[in-house]
Amino acid sequence: MSNVPYLSVLIALPVAVCLALLVIPAAQERLVRLTALAGTGVIFAWNVLILTLYRPGGGMQLEENHAWVPVIGMRYHLGIDGLSLPLVLLATMLPLLCVIFSWRQDAQPKTFFFLIVLLQVGMIGVFLALDYVLFYVFWEIVLVPMFFLINIWGGDRRRYAAVKFFIFTLVGSVVMLLGILLLWFYGPKERTFDILTLMRYGQAGGYASQLQMWIFAALFLGFAVKVPIFPFHTWLPDAHVEAPTVGSVLLAGVLLKMGGYGFLRMALPTLPEAFKGGWGTALAVLGVVNIVYGAALALTQKDLKKMVAYSSIGHMGFVVLGIAAGTAAGVDGAALQMFTHGIITGMLFFLVGMIYERYHTKELAKLRGLMTEVPTLSVVLVFASFASLGLPGLAGFVGEFLSLMGGFERYPYIAMFAVIGIVLTAAYFLRMLQQIVFSPRTPDVALACAQPYDARPNEMVALIPLMSFALFLGVYPHPFLQILDPAASAIAKALGG
Amino acid sequence: MPDSVPGGAYVVFFLLAAGAVGFSLAMLFSRNFVHSAAYLAAALLAFAGLNALLGATFLAMLQVFIYAGAVTVVVVFVVMMTRVGVADWRALLQPQSKLAAAVVVVFGIGLLNALAGFVPALASPKAPVTTRTIAELLLKEYAAPFEISSLILLAALIGAIYLAKEARQ
Amino acid sequence: MTSSLIAFSPEILLTACALGLICFDVLLPERKATVRWIALGSVLAAIAASGWVAMNAAALYGTHFEGALVLDAHTTFARLLFGTAGALVILASWDFYADRSVAEYFALFLFSLLGEIVIVAGTSLLMLFIGIELLAIPTYALVALLKQQEMAVEAGLKYFLLGMFASVVMLYGVSLLYGALHTVSYLQPLFVAPGTLTPAVRGLVLFGFFFLMMGVGFKITAFPFHFWSPDVYAGGSTPVIAYVSTIPKVAIMLALFRILGPAFASEWAAGRAFIAALAVLSMVYGNVVALMQDDVRRMLAYSGVANTGYMLVALAAGGEDSYAALLFFLVVYTFTNLGAFFVVLAVSGQERATLDDFGGLGRRGPSLAFAMAIFMFSLAGTPPLAGFFGKFALFRAAVVHGYWYLALIALLTTVVSVGYYLKVAQEMYGGDYALSAPGAQLARVAAPPTLRLAIALTAVATVLLGVVGVRFM
Amino acid sequence: MIPASWFLALGAIVFLIALFGFLTRRSLIQSLMCLELMLSSVNLTFVTFGRTVGDPAASGVTFALFAMVVGAAEIGVGLALVLVFFREGHANVTSDDLDILKG
Amino acid sequence: MPLWLTAVLVPAMPAACFVVLTVLRRRLGERAGYVAIGALAVSLTACVALFARALGLAGADEPLVHVSMPWAVVGGRVLDFGVLIDGLSASVMLMIGIVATMVVVYAVGYMHGDERFAWFFAVISLFTASMFGLVSASNLLQIMVFWEVMGVCSYLLIGFWYERPEARSASIKAFLTTRVGDMGFLTGVILLFVRYHTLDLPALFRAAEEAPDRLFLTVACLLLFVGAVGKSAQFPLYFWLPHAMAGPTPVSGLLHSATMVAAGVFLVARTYPLFEAAHYALPFLAAAGLFTATFGALLALTETDIKRTLAYSTMSQLGYMMGALGVGGLVAAVFHLITHAFFKSLLFLGAGSVIHGSGTQDVREMGGLAKTMPRTAATFLVATCAIAGLPPLAGFFSKDAILVALWGGKEVGQPLALLLFVGGLLTAVLTAFYMFRLYFTVFLGEEKSHAHESPPIMTAPLVALSVLTLFAGAANLPWGHPVLAGLVAPKEHEEFVWWLMAMSIVAASGGVYVAWSQHKTRLGAVYGLERYVVYERGQGHYLERMYGFAFIKPVFALSEFLRNLDFDRLIAALVVDPVFRVSDALRGADIDAVYTSVFVNGTTKAAESLAAFDGGVVDRGFGIVGRAWLTLARSFERIDLRGVDRTVDGVGETVQRLGRELRRWQTGFVANYALLMLGLGALIFYLAYWFTRGQS
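Each protein sequence line maps, in turn, to chains A, B, C, D and E.
Note that the numbering used here numbers the first sequence so that position 481 is 481, with each residue one more than the last.
Converting from the second sequence to the numbering used here requires adding 1000 to each position, the first position being numbered 1.
Converting from the third sequence to the numbering used here requires adding 2000 to each position, the first position being numbered 1.
Converting from the fourth sequence to the numbering used here requires adding 3000 to each position, the first position being numbered 1.
Converting from the fifth sequence to the numbering used here requires adding 4000 to each position, the first position being numbered 1.
Only chain A is shown next, with the shape it has when bound in the complex (with noise of 0.2 Å):
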């Protein structure tokens, strides 16, 4: 078995299902519908069986490398350590709970499902390559199918929110596609792609200081905007409010995470210099900033996803921090976050969707008394806010937790500051919950046609490993931080800290 490929079989799994889903005809919604629920399954299945042969501070395992477009330098280079394992699950457990939670989807079913499972396969392929043109080449297949996903199914502006998450998106990475051909030029004699190679590299003093600080703002641009780091995160909000939930959950639970994975396993370990050099107190303010702007955004939205978009912006923000940290706690913190806030603001968005679903708005000034009417839903609604809100026991407060300790053991004037985006982020939180789910139902004529009706089972079989998730990482979050803790580090220890 130690031959097998696991991590090109991963890959393979969700092209497998695409190409199947293509030719199940559209008419046969059940067929693609269990197709889809099918191949998500079974790719999530073999992740958990990369899971158990993953060994924790093992360092980069299960890697396969084999020459790919030798005259471009280009590798097929696979790899999987402590940094990219949670990610990788979040990559295939959101979409499985993606498509049991949109089971009723009736419009172009075959379409939806097949984008999402094509996501999938940027999604886990970003978190894998360790080439940094396969890196790129996943990075962008991304935005396809998530441009579709607003583009078709989205809400009234999905056209102006499409194009624009594609474009931000794309100039980013455009911008970080020259940073990358920049390692390349400025790296070692035999020019390569490989990540890793180019880490040591960079590690070892390749790059000079001042070449360190260019390489190392284009490759911000590019992930700066997918975290997105302010100024960068106007699409956010206009994305995540026209998309349609599954495409929100999918954006804000993984897409968001590529931006600051490729911090973490690029940027950060090849070009120290550039991190002690200034990029790291830049990226400490702009984290710090995130976190309170995002907040203080939140706080008077009035559209409900609205406001989860921004609560998005402000959690980043603690990853942004962590990262800028660079100290062990501060990487772990980060990477910690983004995993639980995939988890968490998946589960704001699935109810969010919910709750549009049944009353047809969003908008907090017209929703009244939730706990009146759908209690379940508002159960989860309160514990997904509060584990939002980085309440200490659920998973939200050990990420950021972790990075503010990162963020005060290195910049401790400038995280002082994101100490005030925790009450903010209370603030809003409870001031939605108040306003919606603590209050009293009032008779809406706007909603009189609604007709609420409690959690469906199909949408609690995608909400409860999510809580349990949620619960489990507050609770007892050490077997992530042993997977964790190996990688960050090591790059802790590349970044001197």
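If you are wondering where the hints come from, they were derived from the structure by calculation, not from laboratory data.
All residues carry an ideal CB built from backbone N, CA and C; glycine is no exception.
Please note: incorrect hints may appear among the correct ones.
To be verified - What follows is a list of derived Cβ distance ranges for each label pair:
no.	chain 1	residue 1	chain 2	residue 2	range
1	A	Val475	E	Glu4446	26 to 34 Å
2	E	Trp4690	A	Pro70	40 to 48 Å
3	E	Tyr4686	A	Trp68	43 to 51 Å
4	C	Glu2030	E	Tyr4686	57 to 65 Å
5	E	Gly4029	A	Glu357	45 to 53 Å
As the list claims (entries may be wrong) - Below, in silico cross-link-like pairs of lysine to aspartate or glutamate (EDC-like), each with a Cα-Cα straight-line distance of 16 Å or less:
no.	chain 1	residue 1	chain 2	residue 2
6	D	Lys3102	C	Asp2095
7	D	Lys3102	C	Glu2150
8	A	Lys493	A	Asp156
9	A	Lys302	A	Glu373
10	E	Lys4371	E	Asp4305
11	E	Lys4520	E	Glu4446
12	E	Lys4371	E	Glu4453
13	C	Lys2032	C	Asp2099
14	B	Lys1140	C	Glu2066
15	E	Lys4371	E	Glu4446
16	C	Lys2032	C	Asp2095
17	B	Lys1165	D	Glu3088
For chain A, the structure is supplied; the task is to place chains B, C, D and E on it using the hints.
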């Protein structure tokens, strides 16, 4: 033209040059298209003369036959067919004339400047360029372009016929 | 001589078939349909012959016909690519000229195709000129093939007037170069650094070069020589435009590399800077203006201008790797662009094609829309489609040769280009059709099976070139 | 001997005059005539250079010959197009009438 | 059963109860209450067992239980979580167990008929569980975890009747205010870990002892104290507390005694070695604590709502505890914490019973309830005596211990200690006054409403608690061998100062006397300045009048002024409003508009000047170029105008405009094209040639 009479050659050159330039301008500024075509024929004849002056007699002959003859006839034919009449040449000008003139003048200065720097005198051909020489060239060294040119003509023929033939239906 | 005939047997075969096709039509005017098979068969036979010649490369490679034509790897590459593309165009236009013009159409098409190969195989500016003319003259007529259509005739006339203008200017340039350099053959490097020229001829070389580039730039639609293309593409007969917009560009780019490659190797700064400037302007202008188009063919014309810019990046960068990258890019561009025009043909027929025509195509013709999406995203440079690897290889080559700014501008304009490629995708999979009526109630797009086959082939090529083909770059 | 540059200059001048004509005339037929004239001056340049280069193959003349053939072919197609255009009701056959396609 | 399992059982039982009740809340209905009682009874038993073991081990250096397992690993360093039971936690846990059980029993009666009955008991179980967890936690992080969970429960409980607007706003206020304090707590914890690489309490104490960086520790401890300030409602984060009365009364009973507010004091007590090592932090505690004590008492003077009065008293009593901690009176503080829990829960439950019976919360509308609610009245009297500090009730001994500690003033220096002592004494007088005034108003005098006694399930806990209030003082009698002192701080020895005890008795009696004398005048108790007219008219005893003008009037005036100051609104105006305003402004604009205006303004200027150049200088022959630029400039202006409303995406729109303008070059005219080809091409070539003329 025999080189032994240099003075004569100069006279002929200037006459032909004046003809070429003059008829060109006349063609350009004539208000009547039929006149225009006639001036064009005249200018092309002047060119034929110049070619002959340079010793390319075969080419000069072709110029007379193909251009001054055949092509101009076709042009006149089309002019007659389309019944395009007389017009004030000012009305025929594009709005961009001034700009075009400026560009052409600037361009011309540069071009003439470049050409003026080119001084070699005309070398005498080692062997006269006879029809036979050209025939040999066309069938040996330039066989490929020659054949391909024939294809071009064929293609043009097919195209022109196809485009024009509809008239009869 | 015999070996020359064997070496160029594919071309001779094509010529013979083109002639035979006309004769056939004249003799059996009622059997129009058979003409198509002859055309397709001749192209396929030419491909086969090319393959056979390539297998005997050692014996046949070299110059032929007194050095007028050269048979080498590039020629073979061009033959195979043009043959394939030609076959695809024939397939796509299978049912569109089945009336009385079919013989003329296919004959002219084959002549034009021959011209392309002459351009690549030629060794001198004379052959280049003649090749260009053989390519161009049939297309003037082809563009206006639907002469009952006013816009087609207008397109033909514009194409002709500007094309002839460009040819004449180019010819003047050739004459200046001939006078200055005493030769027009580029078997030996034609352009050398002007510093090594005597001042007397330096001016002539510069003017000659510029005029030459004007003629060539016209055909590859490089800014500012591209002005004809949007008008002609928007008015002409679509299958012809599919052809005109791809293969001539490829042929000229290959020839340009032959002509200018050595010159740039000897660091001719001005020439290089000119090409680089054309590249930048083409990329910027093409992409920016394409954003504002509602007419799909016109949009694709501007996209073509932009793509020419990308190709010129490789030319400016120079070097072996740039050339390899360019070849790959050209192959990709050929299939992608052909495919895109084929879909336009399928959707709008020979009429004006607006973005609205693509509304809801995702439901009215899912497979067509899927293919179009592949083409659009490939043109936009989205991995893992071929377009990405083509561009990536080009930009990488630019970086290697120190053209950072070209790579950066290319990347940024690529972003702009996404704006209009996405517009098509949005129309197809969005708009009012997206979710409203059930699929069955929409009027489905009917496209002839051969056209579908051609589209499928180009789409598969676009995907496979990216995922698999890139290995062989 | 007459200096070659005189012939070249003459060729250039007529080329430029014709070029100016091409750039300014509205009538398509006149445009065509201008192109003819440009082609002729190119031919003259070729022949002149053929003499200065002085190669025995008389390439200049041959080039001019090819140019002439090609030019004739082009004019043929062009005139056919003009005819079609005229038949479509554009009585004046001016380039102003080529106005459907733009932008 | 191993001891650590017993310790784990204490918080685990109510936590499990929470899960069970949440899941089965529909099926159980009102039986949920008994489930909760059962769970808490098990916990209480375990607490008793632990306390017994702790008593046996009193005086030992090692804690009774200290087990932990890894919770997280960060950079190779392990963060633990576990259980730490020593004298302090065992005593406090026992107190919590008792009070929580009583409150839950009481609540079964109080909440009868509520539509979310089961949910109430679920949350209150979790509330108790988190307090248990907090007390038994072995490290700071864990304390913080339970601390926050408790905060959430308080949010849910205070806002339990979310149909009432004041309940909803109160719940948010409570959570957010404490959260502000948590910012400090969190920062402190992080700083401690960053410095000492551990959060395990004994390890942390060792580390702090070994490397006492006083300045750093002071900062860290003050940050922890900020957390405690929020939770224990100390000045200036006190204002959530009175509002928290919007919740059901059992919640108030629990929240104000054994949990929540106790957590703040417990946190400081728990980390007391750190505070001692920090040294400079203690005076802050003392000052803040005593200030809050006096402040709370002053506020209570003019309060007429029965529950709010009790709330201010809580604040005041907690200030006492903080003050005691500030002067090194750890034992005194913990002692008072425990006794206070008993009598304060008793007071609240009694008040609940009163409200239940009379249907109002305003004391001015009550009176003579002693007749109709005898059991409530009796138990309430016990509690009132206790809080007023009358011997021999529990409150007397604990308050006395605090006064002793203040007088000693070990950690703060004599002058400040004296001031604190005077403040403490003053507070004692005020407390006795307003509590007894309250009692007299409510239970004596003429009947103003028809009330009825509460059911036995509500009064039984009252009785039980009053028994405890009577005898809990025995836990730490100032003479002999104080039990609690042995448990909490075996090395400390408090002296017994008899004259201090006498002084405290005098002070308390003085307060009671004033209250009684007021009541006796049959004019009713004085709750506001409007009643001074009574004295001004010359009625009443002359002593009383003197007393009134010299003492009561200024104090009342101060109280009223402070209450009118409405710190709450001040904060709202200074902090909350601006935040919302900023948020609103940002939401309106976000960065999109900024992008638009910055990008567009700059470009417009450039375009305009270029257009002017083109239009004015160059011949109109260059119409195409000139026009293009001019229109470009105009279009920029248009964008600029529209940019404000954010509908445009600056850069994208500008590129599109550019495209639209460049389109005009495509005139459709052949001659134009030809000229452009020639002219532009030549220009480009010339420029390329010009710029590279230096190179080859």
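Comparing the hints with the structure gives:
no. : hint                                 : result
1   : A:Val475 with E:Glu4446: 26 to 34 Å  : 57 Å, violated
2   : E:Trp4690 with A:Pro70: 40 to 48 Å   : 41 Å, holds
3   : E:Tyr4686 with A:Trp68: 43 to 51 Å   : 45 Å, holds
4   : C:Glu2030 with E:Tyr4686: 57 to 65 Å : 59 Å, holds
5   : E:Gly4029 with A:Glu357: 45 to 53 Å  : 31 Å, violated
6   : D:Lys3102 with C:Asp2095             : 29 Å, violated
7   : D:Lys3102 with C:Glu2150             : 14 Å, holds
8   : A:Lys493 with A:Asp156               : 49 Å, violated
9   : A:Lys302 with A:Glu373               : 21 Å, violated
10  : E:Lys4371 with E:Asp4305             : 21 Å, violated
11  : E:Lys4520 with E:Glu4446             : 12 Å, holds
12  : E:Lys4371 with E:Glu4453             : 9 Å, holds
13  : C:Lys2032 with C:Asp2099             : 7 Å, holds
14  : B:Lys1140 with C:Glu2066             : 7 Å, holds
15  : E:Lys4371 with E:Glu4446             : 10 Å, holds
16  : C:Lys2032 with C:Asp2095             : 11 Å, holds
17  : B:Lys1165 with D:Glu3088             : 14 Å, holds
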